[in-house]
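Enquirer: Spelled out, the chains give:
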Amino acid sequence: MSAARRSDASEAVRELPPVPSTSRTSFAELSVRQRMREKLKAARTKAEITLSQEDPSPQPRRLKGIRERKPGVRLDKTSDNDKFREMPEGESHLPSKVKFRDSVKKLKQKSTFQNDFPSEEEAYNFFTFNFDAVPEKMKAGARKKNGLNEEEGVEEECVETHEDEQEEDEMDDDVHLVKDDDLFIGQTDEDLLVVKPVDCENYTEQLKREKEFLFIPSMLAVPASEKMPRNMQPRYLEDEGLYTGERPVVSQSNQNILENRILRQDQGKEWFGDDGKILALPNPVKQSSTRPPIFSLEEGIAPEFETVYRKAIKMTSTNPYFVGPGDFQGLFQLDIDICGLIFTHHPCFSREHVLAAKLAQLYDQYLARRQKNLTKLLTDKLHALRSAVQYSIEGSGDGVPVAQQSIPEYKMEIRQTRRLRDAEQEKDRTLLKTIIKVWKQIKSLRDFQKFTNTPMKLYLRKEEVDQKSDEKVYEAEIQAEIKELLEECMEEYEKKMEEYKTELHHWKSWKKTQKSKKKKKKDTRVDEESADHDFGEERIKPIPPRMANSLEIEQQVREKADNCRRKPGEPILVPELTLSGSITPTEQCPRAEVLRREDVKKRSAFIKVLFNSKEVSRTVTRPISSDFRVHFGQIFNLQIINWPESLKLQIYETTGMSSTTLLAEVFLPVPETAVLTGTAALEEIEFSSDQRVMLDHEGVGSGVSFSFEADGSNKMTFMTSGKVSSSVSWAVGEKGIPLIPPVSQQNTGIPSALKNIDAIASIGTSGLTDMKKLAKWAAEAKLDPNDPNNAALMQLIMISTSGEAHVPDFFRLEQLQQEFNFVSDEEFNRSKRFRLLRLRNEEVAEFRNYKQVPLHEREISEKIFQDYEKRVQERDVIDSKNYLDAHRAVVASYLQKVRESVINRFLTAKHHFILSDLVNEEEIPGLGILGLGLFKLAEPKRPLRPRRKERKKVTAQNLSDGDIKLLVNIIRAYDIPVRKQVMSKLQQPSKSSRSFNEMFAASPSAQSPPNSPDWAFNQVLVRPFVEVSFQRTVCRTTTAEGPSPCWNEELELPFRAPNGDYSTQSLQSVKDEVFINVFDEVLHDAVEDDRERGSGIHTRIERHWLGCVKIPFTTIYFQARIDGTFKINIPPVLLGYSKEKNVGMERGYDSVRNLSEGSYITLFITIEPQLIPGESVREKFDTQEDEKLLQAAEKYEAECTSKFPSRQCLTTVIDLDGKTVFITRYIKPLNPPQELLDAVPDRSQTAAQFLYLLAGDEEEHAVLLCNYFLGMGKKAWLIIGNAIPEGPTAYVLTLEQSQYVIWNPSTGCFYGQYDTFCPLQNVYCLISCDNIWFNMQEYDSPGRIYFDISKPKHWKPFFSRSLPFPGLHSIQPEELTYEHSDKAAALELQSRIEKILKDKIMEWRPTRPTRWNRYCTSTLRNFLPLLEQNQGRDIEDDHQAELQKQLGDYRVSGFPIHMPYSEVRPLIEAVHSTGVHTIDVSNVEFALAVYIHAYPQNVLSIWIYVASLVRNR
Amino acid sequence: MAELHLFGQIESGCGFSERRLFCKWGLHAGAAWTLLAGAGAGQTQLDDPQVGDAAQWGHPLDLHLATKGLQGWPRLLLEVWHVDGWGRRGLAGYGVCHVPSAPGCHRVTCVTWRPRPTRRQRLLAPGGPELREPAAAAGAADRFRLRTEAAGTVRLQLGVLARHMGRFGVAL
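From first to last, the protein sequence lines are chains A and B. Note that full-length UniProt numbering has the first sequence beginning at 1, numbered continuously upward. Note that full-length UniProt numbering has the second sequence beginning at 1, numbered continuously upward.
Take the hints with a grain of salt, since some may be wrong.
Going by beta-carbon spacing under 8 Å, a handful of chain B positions derived as facing chain A [stated by the list, open to error]:
1) M1
2) A31
3) P49
4) D62
5) A66
6) R75
7) G85
8) H98
9) P100
10) P103
11) H106
12) R119
13) R122
14) A140
These are calculated hints, taken from the structure and not from any lab test. Glycine included, each C-beta is placed from N, C-alpha and C at the ideal position.
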């Protein structure tokens, strides 16, 4: 098409050239223009024609149509044009274009100028024509021309310039047109768009078409006939008496639409039921909501998304360990109304009373029965069932399957109901009979005894009945029953017949086979016959069942009816019990009765109310009236805080003035929360007592058998019993709010978060109990669920039974969880791996540092949990076996719990970190440090003066087993006990058992006899060695000689933290102790025969325990190193050893020895590598102290520690409840036990001794000791300081005769201020009952300081003039009361401990027999009380002598151990550590005795005497 | 019996209008999930960034979960709080992110929102509305009608290890 157009254009242009050549004038110009226009016109029409010719499609003959076409064409044009523009014609191109445009303008103008009235078409064209078309064509043409012929272009240019000149007067028009020009350029975008009219279809047409596809069911109801199969009438099951269930609610119009739609379908009628309605299941909507409704406070927002405005608040550190006093919710009130008491039996009952009580009881029973009227109910039911059966049999023609099915069920039901009814009827009748019988008895009794005691009277009212109708009913009943029975019998008969037939059949077939067998056998063998013979006899021919006889049945029925039913025409008897009778006055009674009545008058009763088994109130004492009723009519208001645990009434009876006996206890049920005062009904609660009372008057007594008969037969026994009528209810507060403790309190221990929101729980279950009964009854009565009459009831029961007889009191959040679980909960919980992981995570003690949990289940052994489970089980069971003493066991378990809670608290605190725990920033070295470092480099090296190098401290976390070693340097010991010279008897031992050492020592002077005077000089007195045991690792030094040996040896012991946990907390709690035992090594010649002496040396090494030092690991841990001389703990008596000074052995230690009483050992202990001791747990505890005081204390502490950072300043301590208490509150004069003061004159010693026996730590001991000293009127202070081996500890300082004495509270030892061996190393502060003094002196070792606290330069007081002592009252009790100990229990404990220890020793010697020397044991047992009396002093010699005397030729080595008693384990440890059991001689015997001395307050001092005996030969 | 081990860190929070931020986090999972080891909730330190506005926390997460069902796949509920110069704290945003269900290392970006204060509350500032039940933000309940505004984002780096999931037919 474009090609056509182009040719078209070229045609138009070709016409141009001949024209302009001559045109010069205006006419010419005009003619040119005219021509141009004409030509344009022609071209246009031509184009139109060609277009119309080219496009054959029918086009609407409208101008618009053409114009629409044009832009589409132009598209190509412009693109062509663009191509042209791109041609490098450059300069001539642009001006020419402008010129062309101008020419066009002129053309246009001409046209308007020439015909003043343009034709309509022209006008239209002018305004709507897109002028661009022509000039473009022209341009295109011109271009071509340009390309072809330059000349022509020039010509044209001439023309145009000419035109320019001419038209200058028409400028205003030109301006306008230039604007148009711009429009032409911008119009290109719009050219691309096509505006199309909206396709639009006729609505009705559309509807018509839609109708072909769509079906709109009508909303009108469908006639029933259409829904039913042909020739069927709708049948309404409900009208027929069947329960159909409730249909879900659907609006009628929706139903109609659905029905209409269904009917259009094929087989649509299947969807309709018999009643012409759409089949529908009963309403599936659950009757009870699965979750309680939550009401939102704000409208429209889900409750969980409610927002609260919170002001920005400062964070306060929360303390999770101490809850406040608890939100006190005010008092709650429980009202207990005790109305009265009725005795149903009382010892003072006369016979008549007994009968009257029985009658009253029977009458009550009768009334209750009548109210229930079960007989009537059952009879009615029977009737209903019968008629139902009748109906269903008649209606069975209709073929209702449901009814058909239920007939046998109905029949069963009828039978059961009938049986029940008969039973009830019989009961009724017998009850009536009994009532009459008892009444007759009463009457006869009254006649017999000639007086009346009770006002009871029984009337029997007769209700006449219509004889005929009654008879009819009776007969009908009997007939019906007979019929049913017959039916039953027939059924049974048929069943039996059936059985019989089958059996007969079997029998016959068996018979046949038998016969055939027999035949065969006869043919084959004869000898087998006997074998087969016996089992052929077994089958018996079955007997056909007997047909029931109708007459028999009738007879049965009639008999039964006679028995239990009222005879027809017999009047109905209604008993009525009244209290209208008169009681015979006392004067007319016989003596026994008068006595009884007087006795009754003397008696009175009252009731105690016990709340949580504490008596809270009691009623007034009221006399028991003659009819054995007591009226109280009192209401008790109990104001309570917690949910009651129990409510109890105790019924007391008082006789006369004196004796009060507890008759019985009655537990009252705690009322439901719905039971409020005013609504609560009185309840009668029965009670009875098993008291046996015999009276000497008419009263029948309790628990005593008596008889109404004259001959004493038919004996009866009654117990005192009765009924308390009372009610318990919750009080209602002023605003009508019930004063009930919150439900959450009800079951403390069980998390009851659910209960709080559960409505049922708060309402109480009292409303549901009836429902339960109802449901039970319904289940038993087998209500017909299809009966529309029962619909409402069934609905109710369905609700109540759906979740175990009541609306579920829970809801499930994740309803389908169970269905989608991978594994069951049990299996999940069984997983050992998960359990292990969880326990480890919970930091349960056993698994706290369990390192790697195995990946597979099979790798975890079951045993791993055994310990844990055992512990959990035994947590609450107090194990008395380990403690042997109930009191101590309780204390121990209490302590264990405290310890656990403290450990848990610390564990939690462990997870609370502060910045310094996590960020370890090393200080950047300053210039000073650097300078010093440089200076050090220049320092001359002096190898002979080694400088102490600080060991690198290791943090605990990156340690593992085997990294830590305990280094123990045993340096020397002083004054070790030496072997005593053997007594004369022992000095002539048989040759073989002489001490090897003796021999050895004596050998240099072989000529001198052993008992020569110089023997003592040459003898090695003792060969001690030291054995260090720690965590079951044992190391020993070499053997040194002499009483002051020097070893200077380093022992290395590995350390293992419990559970491999090397954290600071764990290390702090290591309980292991380092035992440093000193032994004497004794060599015995083991040669049996002197003749062998020449050829070999046989010696046996024996070790004798001399003493020990115990140092707890924690002390080493905290102190980093322990360096000093310690007193060796030596038993008061060491058989065979003495501390006698041997003149010959005196060397240079006189001074030391004179000072000291015991033996000493110098040690140096440290841990390698050095561990950083943990800081104490930062925890702020609750307190009741004044805030100001605490602030002052903090300030004081800060001041003190800033001056002496190493000195500990103690102002506050934490008590057992975890509260901060100011320390001075603990100090107060206290009275020591009188017994101790009386018994021994040396008071201080006794007190110390006594303290030694207490179980507790040093601080507690120190406080108590200090208080005792104060109580004795001495000046005493508590020293907070540092001691070895205890570490930071508390000692006691006393001032005695201007000398300061330091007391070790845990051992009872005391030291002078300048004592070299005083274990107290540093003194930090002193505490008295009213002040604290901090040591401000340069030194802190006790020997170098002044104890004069009056000088503030030396001692900085806490309370001074600026802060006076506010008079803090002490928390100690006013006076201690001391209970006397139970001597018998101590004795028992003594024997038990002895047995345990003996067993243990035998256990430790598994391979050898352990023999006990009874004689020696008894001797030892006699010594022990002496030891206790003399505190182990000054009796050694007698002791030894006596022992030797008694035992004769035994070599005894042994010693007593003295310990305080807290539990058994330390005793066993102590015995074990002495190593007595290790003796290896074959003929060794042992002796062990235990003595317990009981001090007041159950403090026990234990002495254990262990000895080994070797018989001398 | 399947196990899921989740570890990683709460890296940073950025885009909040406030600067001094800390983040509380908590694990929310269905009833079938049991936390075997590790803390189920925690709080990062307060970061006052000197450069930029992203609070760097680098708070470690280490949770060992066991499950008997897939329902309630664990989610992390993040609550970002800010503390102003007076030490008062206010809510900066709630965010929930599911624990990635593919084993491996994941970088998770959790966007947060917060309830928008009313004009009155704005005037009453400091402080602002907070959810009565912050745990509800982790739930699936509809929260329309709640007027919220967008807060910044929290970046997490989560490593997931699953065990025995395949045994129960769960391919992760």
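Enquirer: Against each hint, give a clear statement of whether it holds in the structure.
Expert: Comparing the hints with the structure gives:
no. : hint : in the structure
1   : M1   : holds (5 Å)
2   : A31  : holds (5 Å)
3   : P49  : violated (17 Å)
4   : D62  : violated (11 Å)
5   : A66  : holds (5 Å)
6   : R75  : violated (15 Å)
7   : G85  : violated (11 Å)
8   : H98  : violated (17 Å)
9   : P100 : violated (20 Å)
10  : P103 : violated (16 Å)
11  : H106 : violated (24 Å)
12  : R119 : violated (13 Å)
13  : R122 : violated (11 Å)
14  : A140 : violated (11 Å)
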